Amino acid sequence: MTRVNRAGGASVRGEGSVPSIRDVARAAGVSHMTVSRVLNAHPNVSAATRERVEAVIAELRFRPSRTARALAHGASRVIGVVEATGGRYYGPASTIAAIEDAARAEGFSVMIAAIDEGSTGSGAAAVEHLLDQGAAGLILVGPGATASGEVTDAAAGVPLVVMHAAEGAGSSSAEQVEGGRVAARHLLELGHRTMAQLAGPAGWVEAEARARGFAAELAEAGVTLAAQVEGDWTAASGFAAGRELLAVGGFTAVFCANDQMALGMLHAARVAGIAVPAELSVIGFDDMPEAAHYAPALTTLRQDFGELGRRAIATLLAQLGRGAAPGPVSAPKLIVRESAARAPRG
Numbered sequence: 026m027t028r029v030n031r032a033g034g035a036s037v038r039g040e041g042s043v044p045s046i047r048d049v050a051r052a053a054g055v056s057h058m059t060v061s062r063v064l065n066a067h068p069n070v071s072a073a074t075r076e077r078v079e080a081v082i083a084e085l086r087f088r089p090s091r092t093a094r095a096l097a098h099g100a101s102r103v104i105g106v107v108e109a110t111g112g113r114y115y116g117p118a119s120t121i122a123a124i125e126d127a128a129r130a131e132g133f134s135v136m137i138a139a140i141d142e143g144s145t146g147s148g149a150a151a152v153e154h155l156l157d158q159g160a161a162g163l164i165l166v167g168p169g170a171t172a173s174g175e176v177t178d179a180a181a182g183v184p185l186v187v188m189h190a191a192e193g194a195g196s197s198s199a200e201q202v203e204g205g206r207v208a209a210r211h212l213l214e215l216g217h218r219t220m221a222q223l224a225g226p227a228g229w230v231e232a233e234a235r236a237r238g239f240a241a242e243l244a245e246a247g248v249t250l251a252a253q254v255e256g257d258w259t260a261a262s263g264f265a266a267g268r269e270l271l272a273v274g275g276f277t278a279v280f281c282a283n284d285q286m287a288l289g290m291l292h293a294a295r296v297a298g299i300a301v302p303a304e305l306s307v308i309g310f311d312d313m314p315e316a317a318h319y320a321p322a323l324t325t326l327r328q329d330f331g332e333l334g335r336r337a338i339a340t341l342l343a344q345l346g347r348g349a350a351p352g353p354v355s356a357p358k359l360i361v362r363e364s365a366a367r368a369p370r371g
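Numbering (my numbering), first residue to last: 26 to 371.
Just so you know, these hints were derived from the structure itself, not from any lab. Be a bit skeptical, because a hint or two may be false.
[To be verified] Only pairs whose alpha carbons sit at most 25 Å apart, straight line, appear in this in silico SDA-like list of lysine to any residue:
#1 K358 with R218
#2 K358 with E214
#3 K358 with V248
#4 K358 with G275
#5 K358 with V103
#6 K358 with E125
#7 K358 with P226
In this text the structure is predicted, and so the values were computed from the model without any measurement.
Please model the entire structure based on the sequences and the hints provided.
Put into structure tokens, the structure is as follows:
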């Protein structure tokens with residue numbers, strides 16, 4: 026694996042820097058794949074386009090790198106991963122590790138570009154860098170709305186898989202909505218009728234999907250969500266949001282969008298003198314290794330990150346014409362431990 030430093034703003038070739046295949050494509054008004062076809066003397070390029078690209082190549086004094094030549098010949102064995110979390114969260118970090126394992130099994134190496142979700146142009150710069158390094162295709166992990174839009178636009182015409190995308194053939198999802206439904210169903214089966222939700226941050230597809238699934242299952246059972254607050258995936262935000270929820274009260278169970286926030290929720294309950302699960306049931310999401318060692322041990326939804334990684338690579342390879350697209354990924358599995366119990370009487 027090669028890791029690239031966090032990309033800042035939009036990338037512009039500076040004076041005296043070495044031109045890239047993307048610089049040629051931009052100047053010629055074509056895709057980088059068209060430039061590759063010209064370099065490879067591919068017959069399916071019009072004479073006018075070929076002439077324009079060759080003129081730009083001469084003007085910029087472009088010399089194809091080894092990776093650019095490999096891409097031109099369809100021989101690139103590099104997959105680019107754009108990640109928008111900085112490796113801070115268990116779910117995205119586990120997904121990337123699984124992608125690396127799956128790529129290695131298929132004979133590919135992985136190059137990672139970390140981007141800043143709050144920096145305009147960061148996603149586009151990361152895409153450009155990975156393509157300049159010869160990435161045959163791209164996978165976006167941990168996307169918020171801004172990063173996802175930037176990366177998708179910048180990667181137009183390039184094979185792309187967006188993990189947990191809301192829709193589209195290039196998406197790879199862990200059935201996040203169904204995971205939220207499973208959490209709600211379990212609490213309903215335990216007799217809970219007043220429930221709250223500690224959701225993930227707005228703009229994150231998986232956070233919104235989990236919240237939507239949880240609320241939908243409750244609504245279908247005739248139960249109204251008592252309260253909802255958002256955290257930022259961290260235990261600290263779970264603690265702060267948990268204290269906010271508990272100050273309002275009026276519920277006997279809470280669904281947390283990930284295990285780290287659930288840990289913060291358990292801490293908030295302990296500080297407030299509320300016994301879990303006797304007075305309050307808590308469910309998390311992900312089943313990170315520490316979840317079994319929380320006090321009490323956390324009931325949660327387990328994602329199969331290995332399957333996610335294999336599916337992402339298979340989806341990308343299918344776009345590259347190297348295999349069939351995979352079937353649907355399985356829904357997260359309920360792991361019953363000690364933090365959720367029957368609703369208290371009265």
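Tested hints:
| no. | hint | in the structure |
| --- | --- | --- |
| 1 | K358 with R218 | holds, 22 Å |
| 2 | K358 with E214 | holds, 16 Å |
| 3 | K358 with V248 | holds, 23 Å |
| 4 | K358 with G275 | violated, 28 Å |
| 5 | K358 with V103 | violated, 32 Å |
| 6 | K358 with E125 | holds, 23 Å |
| 7 | K358 with P226 | holds, 23 Å |
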